[in-house]
Amino acid sequence: MKKLLVLALLLCTPALYAAQYARCQYEDESLRYGLHTNTTRVEFFGGVALPDKEWHENGQKLEIGDTGFTAGIAFVRNIMPWLTLGLDGNYTGFSKGEDFTTTGGNLVNYRSGVGTGLITTRAYLFPKSMTRLYGTAGLGAGYMYAREKNKATDSSETYDSLDFAWMLGAGLEFDIDESVVFGAEGRYNWVGLRSDMKSRFNEDEYKYWTIMLKLGVKF
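When we follow our numbering, the leftmost residue of the sequence shown carries the number 143, and every step to the right adds one.
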């Protein structure tokens with residue numbers, strides 16, 4: 143009987159080691175992809191920006207900028223697999239708007255830009271999957287400027303503002319491999335207007351959309 147027990151142990155031991163090794167290999171593989179607590183990423187964004195609404199002055203449409211570009215960088219850390227906190231810096235440059243006649247009879251046009259620095263958060267669906275959906279929000283500060291160019295004199299004047307800013311958005315991302323993430327994100331952005339911008343244009347907010355692709359590195 144003892145010989146049978148010893149033989150059984152000798153036969154079972156390699157199988158137990160093999161099972162344990164397979165389990166460890168599976169756990170290691172599952173940790174390579176998806177999001178986990180303390181996953182940290184740096185992400186780079188780039189895309190297009192679209193103003194949300196038109197301004198009007200003296201019965202005319204006033205464009206301080208048209209469809210433009212946006213670019214940014216974000217530092218993101220998972221405090222839970224499905225929840226992140228991060229820092230986000232973004233610059234949006236709008237193309238030249240249509241010519242506009244001021245109350246003084248001058249023909250001018252505008253170019254504008256917005257820079258934001260936000261504290262952000264994301265809530266993920268399927269955080270441990272290789273493909274994930276998320277909603278995002280951010281709150282911080284926004285700087286905006288508008289450069290008015292007088293076409294007759296070729297002179298220019300700049301108006302600017304620094305105030306609160308926020309954004310809401312959603313995105314889709316997937317793991318290219320265990321360390322590289324690719325995705326797309328859309329945002330609705332708001333920045334408050336004060337100082338020169340508010341007094342010149344009689345507006346207290348500026349809203350715009352951004353649609354971006356992103357590439358991130360996990361470490």
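If you are wondering where the hints come from, they were derived from the structure by calculation, not from laboratory data.
Honestly, I wouldn't trust all of these hints.
Below, a list of computed lysine-lysine pairs in the BS3-like style, where the Cα atoms sit at most 27 Å apart [as the list claims (entries may be wrong)]:
#, residue 1, residue 2
1, Lys-238, Lys-203
2, Lys-203, Lys-349
3, Lys-360, Lys-291
4, Lys-340, Lys-195
5, Lys-349, Lys-238
6, Lys-203, Lys-291
7, Lys-356, Lys-270
8, Lys-349, Lys-291
9, Lys-349, Lys-195
10, Lys-291, Lys-238
11, Lys-293, Lys-203
12, Lys-270, Lys-340
13, Lys-270, Lys-203
14, Lys-238, Lys-360
15, Lys-356, Lys-293
16, Lys-360, Lys-270
17, Lys-340, Lys-203
18, Lys-270, Lys-195
Evaluation of the provided hints:
1. Lys-238 <-> Lys-203: holds, 14 Å
2. Lys-203 <-> Lys-349: Given pair Lys-203, Lys-349 holds - Cα atoms ~16 Å apart, limit 27 Å.
3. Lys-360 <-> Lys-291: Status violated; Cα separation ~44 Å.
4. Lys-340 <-> Lys-195: With Cα atoms ~16 Å apart, Lys-340 and Lys-195 stay inside 27 Å; holds.
5. Lys-349 <-> Lys-238: holds, 17 Å
6. Lys-203 <-> Lys-291: Judged against 27 Å, a Cα distance of about 17 Å means the pair holds.
7. Lys-356 <-> Lys-270: Since the Cα atoms of Lys-356 and Lys-270 sit roughly 19 Å apart, the hinted pair holds (cutoff 27 Å).
8. Lys-349 <-> Lys-291: holds, 22 Å
9. Lys-349 <-> Lys-195: Given that 27 Å is the threshold and the Cα spacing comes to 7 Å, the pair holds.
10. Lys-291 <-> Lys-238: holds, 10 Å
11. Lys-293 <-> Lys-203: holds, 18 Å
12. Lys-270 <-> Lys-340: violated, 46 Å
13. Lys-270 <-> Lys-203: violated, 49 Å
14. Lys-238 <-> Lys-360: violated, 38 Å
15. Lys-356 <-> Lys-293: Judged against 27 Å, a Cα distance of about 38 Å means the pair is violated.
16. Lys-360 <-> Lys-270: Since the Cα atoms of Lys-360 and Lys-270 sit roughly 14 Å apart, the hinted pair holds (cutoff 27 Å).
17. Lys-340 <-> Lys-203: Holds - the C-alpha atoms of Lys-203 and Lys-340 are around 17 Å apart, at most 27 Å.
18. Lys-270 <-> Lys-195: With a Cα-Cα distance of about 39 Å, the restraint between Lys-270 and Lys-195 is violated, given a limit of 27 Å.
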